[in-house]
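Could you build the full structure based on these sequences and the hints that come with them?
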Amino acid sequence: MAIIGLVAAYGLYCRKRYISFLGTGRVTDIQTWELKATLSWIATSVLVFAMIIPLIIE
Numbered sequence: 900m901a902i903i904g905l906v907a908a909y910g911l912y913c914r915k916r917y918i919s920f921l922g923t924g925r926v927t928d929i930q931t932w933e934l935k936a937t938l939s940w941i942a943t944s945v946l947v948f949a950m951i952i953p954l955i956i957e
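Counting in our numbering, the final residue of the sequence shown is number 957, and the numbers go up one at a time with none missing.
It should be emphasised that the hints constitute simulated quantities derived from the structure, not laboratory data.
We put the beta carbon where it would ideally sit given N, CA and C, even for glycine.
You may find that some hints are simply not true.
[Unchecked claim] Label pairs and their computed distance ranges (CB to CB): (1) G924 with I956: 48 to 56 Å; (2) Y912 with M950: 17 to 25 Å; (3) Q930 with P953: 31 to 39 Å; (4) A942 with I918: 15 to 23 Å; (5) T927 with F948: 27 to 35 Å; (6) I956 with D928: 37 to 45 Å; (7) G922 with P953: 40 to 48 Å.
This is the structure:
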């Protein structure tokens, strides 16, 4: 559970950084932080799904 919380928190942090670079013209930074945020949310979804599968199987 703690790992999921940490990955989700990192996703929020990356999204906040991504939004802070909007309008600055720093395209590389915007794309990098957006990609990190997206990958963090995908990882969080996969971890949650992996935790739910044993509950469904029982």
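Hints versus structure:
1. G924 with I956: 48 to 56 Å: Once the Cβ atoms are compared, 50 Å apart, the range 48 to 56 Å for I956 and G924 holds.
2. Y912 with M950: 17 to 25 Å: holds, 22 Å
3. Q930 with P953: 31 to 39 Å: holds, 37 Å
4. A942 with I918: 15 to 23 Å: holds, 20 Å
5. T927 with F948: 27 to 35 Å: holds, 32 Å
6. I956 with D928: 37 to 45 Å: The hinted range 37 to 45 Å holds for I956 and D928, with Cβ atoms some 43 Å apart.
7. G922 with P953: 40 to 48 Å: With Cβ atoms ~45 Å apart, the hint holds.
Going down the numbered hints, you'll see the structure goes against none, and every one checks out.
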